Amino acid sequence: MSNPNSADVVVIGAGVTGALLATRLAKTGKSVLLLESGPRMGRDQLVERFRSSAFKSDFMAPYPYSPLAPHPRYTPEPNGYLQQKGPHAFNAQYIRMFGGTSWHWAAQLWRYVPNDFRQHSLYGVGKDWPISYDDLEDYYYQAEVIAGVGGSPESGSPRKHPFPMERVPASWLQQRVTARLAPEFTVLDDSTGRNSRNYDGRPACCGNNNCMPLCPIDAQYHGGLAAQQAEDSGVQVITEAVVYRLEHDEKGRIAAVHYYDWNKVSHRITAQTFVLAANAIETPKLLLMSVSDKFPQGIANARDNVGRNLCDHPAIGVTFDVDEEIWPGRGPVSPCSIGQFRDGDFRAEHAPFRIDISNASQVASVTKEVLAEGYFGKRLEEQILFRAARRLSIKNALEQLPDRNNRVTLGDKKDELGLPVPALYWNVDDYVVKGTEKTRAAYDAIAARLGGTNIKHSKSGAFSNRQHITGTLSMGLDPATSVTDAWGRAHDHENLFMVGTGVMPTVGTCNVTLTAMALALRTADKIIEESRHA
Amino acid sequence: MRKPFKRLLALLSLLGAVALAHAADDAQLIKRGEYLAVAGDCAACHSEKGRAPFSGGHPISSPLGTIYSTNITPSKTHGIGQYTPEQFAAALRRGVRADGSNLYPAMPYTAYARLNDEDVAALYAYFMQGVQPVDQAPPATALPFPFNIRMSMKAWNWLFLDTKPFEPDPAQSAQWNRGAYLVQGLAHCSTCHTPRNVLMAEQLERRLQGASLGTWYAPDISPAALQAKPAWTRAMLADYLASGHAANGATAGGPMLEAIEKSFSRMTREDLDAMATYLLPASPAAAAPASATAPAAAVPALTPVQGDDTPQALAAMSVGARVYMNNCASCHNTGGQGLNGLPSLQQHPLLRQPNADNVAMAILEGVLPEHGQGMIGFAHTLNDGEIAAVTNYLMQDLGGSKVSISAERVKALRAGGEPSPLLWVARGGMVLLVLVLLGVALWWRRRSKSGTAG
Amino acid sequence: MHMAGPCRFQYPENLLRPLLQSSNKVRRIPAHPGPGATARHLERALGAFHLDDDMTHPTRRRVLKVAGLMAGAGAAGLFWSLPHRVTAQNNPATVPVDDFLQVSRQLTERQDLSPKLGTALLLALSKTEKDLAARLQSLKGLLQAQPALLQAERLAFPAEQGDSEKLARIILGAWYDGVVGKGKSAQYVTYINTLSNGLVSGKLVPPSFSYGPCGSWSRQP
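Residue numbers (the working numbering), protein chains in the order written: chain A, 1 to 534; chain B, 535 to 988; chain C, 989 to 1209.
Calculated directly from the structure, the hints in this document are not laboratory data.
From a predicted model like this one, the values you see are computed outputs, not experimental measurements.
There may be inaccurate statements among the hints.
Said to hold, decoys possible - FRET-style restraints, in silico, Cβ to Cβ: (1) GLU77(A) x PRO953(B): 54 to 64 angstroms; (2) HIS905(B) x VAL265(A): 50 to 60 angstroms; (3) ASP1100(C) x PRO888(B): 40 to 50 angstroms; (4) ARG1207(C) x LYS413(A): 47 to 57 angstroms; (5) HIS905(B) x PRO162(A): 50 to 60 angstroms.
As the list claims (entries may be wrong) - If the Cβ cut is set under 8 angstroms, some of the chain C residues that face chain A in the computed set are: (6) VAL1188; (7) SER1196; (8) TRP1205.
Said to hold, decoys possible - Derived EDC-like pairs (lysine to aspartate or glutamate); straight-line CA-CA distance at most 16 angstroms: (9) LYS565(B) x GLU652(B); (10) LYS1172(C) x GLU382(A); (11) LYS378(A) x GLU1141(C); (12) LYS1104(C) x ASP842(B); (13) LYS1170(C) x GLU77(A); (14) LYS1191(C) x ASP492(A); (15) LYS1191(C) x ASP249(A); (16) LYS1172(C) x GLU437(A); (17) LYS378(A) x ASP1151(C); (18) LYS583(B) x ASP492(A); (19) LYS251(A) x ASP492(A); (20) LYS1170(C) x ASP58(A); (21) LYS1191(C) x GLU382(A); (22) LYS1154(C) x GLU373(A); (23) LYS1104(C) x ASP1087(C); (24) LYS378(A) x ASP1100(C).
Glycine is no exception: its CB is placed at the ideal position from the N, C-alpha and C atoms.
Given these sequences and hints, build the entire structure.
This is the structure:
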């Protein structure tokens, strides 16, 4: 057992990106300490908690919660952890536990399209990345191999190598929707880290239809697996360790981290290199908390960029009943989508978007709907059967442009450890609103092609969050407008790196985790390369 | 002890067979050799993932240490490219390398000793001409003293190797004899399924009656066991060898699954039926036609998922039942009855075994075939106590067995099995021998001294 | 000796398994742990009752853990009595299961409702619904007096019977959803046996249970 007070590298946050980076560093022989604010919990316990949950539509319900490492909570009632300051509530969902938030996703692992990296040069909006698609291509592939990603070769992201995973067979729903929406709409397989054969010691999907919130058999890749692999690779893990301060030396190098254990005892850990991987809200919070005389605005925040440019994919949805039985609930939850609105000259005018078609079972939601309409007896059952067989639920992911005013700051409430809660200011601009108009038109066209009835659009002017949180630690070439450089290194602190979706300067047109994973592997390689030359 | 005459005869016979073989169509011979290599499952040991086929390097853990398989490609520098047919036969059937040193019986030459000359010739043709030469050395095997002295194998062979080739039984059918030849020879079933004595030799009087491999347990496949109710039929046996599944609910895992995937599933149905015929003596039940293992229903109905999952019932669950519900039920259903084509556990033959090792091993390692639906392993998810609890739940609550497993045994299985006493027996034995010799030497000296005195 | 290949995995010696952390406020009714219960099971059974604890006070958690392990069956007996600490009005004994089942049958128009499940639902409802006994009698009487109400297409009771209509919907929700109550007092009762899951069981499997081997969902249901 290595010295618990010191290591070569300290990584803060045992989510998928922190775990991947830690694993890669540990395999080169470095001593790596991975600190996680939350607890560990096994998959089987989570399965039990899911099945006996009274809030099955809240994907967070099975996961452990502690006021000592709080995260936003919405059931049994909202805990108000995030202070909402802006015109739109940014209802983030994340899990502080060993494995992080991707325990409860649908393993969507997309590459950006090349133009996503150059939206400013091409379309005059938003920002250019400091790197190109080509810089990331190899790392995209490495991440895809780790996660066992399969998908459609026509997704718009060029590939040097074929997907490592064969496609997951399409459900009847996917087949029918695809056939009937063609040629106006092209429905393609999602890029997902879901096994269609045994891979990485994990079986193929067998249709538990429970990807969100939890796969009972780990047929899909998730952060829990990454974190376990980190530990198996020799990374030393300390859970229930809430880092509250980064300590620097007189030159501005990070010297140590301080954390509370869950008995509120403080510990200090020194290291050569520090990596923040605590998600795009908690990492800025940590940086902002780490004030000192030399850095009165917090670490890495000399130019007031930490926490700014907060982005998500604002989403609107629609549900309707198709005119034939398609039976959502058979097979994986998020199998397919429409990607033809992701890129094009229109991006100069309005937000691009991806349209996700859900295959999650609709039984529970149509039951509630039908009960609320007052049905009972045989008619209740007829209605449930009718709607459960036909209900199509569609939502999108609109690309939001980075706006400095959208930001994470420290709130004025304190949690149980005396640490400030995050405060969020979030607005949705005209670029997105114009995109929603296009989306609604597409939704109506889709519903029409499917003979849809009982069409219900989500509330106009309201957006839900997709939990693709980016921007708050933006990479960039210019320190005046970014927090980290092209490698994820803090501009002002040579031995401080950041990984996770927070370093992504734009939110793109697809789910963000694969890009974050690729960046984390790239950052890990940079750290390794530098330590070889040191 | 072989008389030179016998050896000469054997050599002539082999050369004759080889000569005949050359006269026949070479390509056909190579193809036949390829099939025989599949039947003998040479690739299971001599091919390793990430290395060229048959170039060796596959680690075989034995109680004595790790044995690495050798390069049997026709490479002249690193493989058997220089082997004459006689040397090839000697390696295959007597465990003797071309340089005269002995192979460890990890190479099942004790079974391959049954091979007839024609088959040896075909295998020779395949390995010399049908396999790509690979000029790469695998890692060397280095067993601890005294087992690194391969000459010790000569003593072992003298004690335990039966070199008689297979002789067909004229009282039995051709199919039976073919099955016997395969089971005793190429398929080398008894190397796993027969228990071994303290010197790791098969106990011939208990042939095929089941043996532990350290972790997985090779079940009793003697006729008595196969006929015990609920009996296997020949069709079930052949189906099992072909696919790893049978109508009686059997599913293959561990080393048998590997053998099925690499060997049995790629053999002809005739050969599988022959082996089943040999293993199961004739009886009306044994000859029952294959009950449809997969009823070709138009749209099979979904298996109901039922059971009391109220909070009261959940809280009343035993540890084993609870572990089962949270880890196993999603595929095997709440009562182990199987779910929509995923295997039933209720009548599973594993639950009737004399120990629960295979159940625990399947839980630890999972069952992950090359093709087809797999099962995840729970080594990371469950601790020893939980695995013991759920194993006992399966054996006893579901299977009605009296067999149980302890957390200590699960711990040992995780670690790869109990350490074998063989090394210490051998070393202890040698120390004892040295002490005895020393004692004798001292006594002799004393005798001589006292003899000269006085 | 053709031995099995070496283990491919390094099995960690001690897998860290946290105590069950009760983050959802579901009141789990304990049963006395069976004779075979290990300490861990007891730990978990106790864990189910740290409803408002939520790991807030780790030292208290540790004390409770030790106390629980040492108290053994006695502690379990104590917790067994917890759900019976209900007010006289909501004492399940005063709400006849038969009445509840009768009303349920009328509202669902099904004769095959499980009395066992009904008992569990009633027990849960008696915690979440104030004055359940009286309200149930009221609803029962109403349905008897005005059978026409059940001939309508939907539940549409007269305005003055608004509470009975509310209760009727709650009872239907309980059977079809398996959950009663809202917010902090929401209670799970069943999942695989909800009437909704039963209704679609010819086409779907409740999520977290398998549809079948990979690809089996491609065929038309």
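Practice task
Check each numbered hint against the structure and report the violated ones by number, ascending.
Solution key: Of the numbered hints, 5, 10, 14, 15, 16, 17, 18 do not hold.
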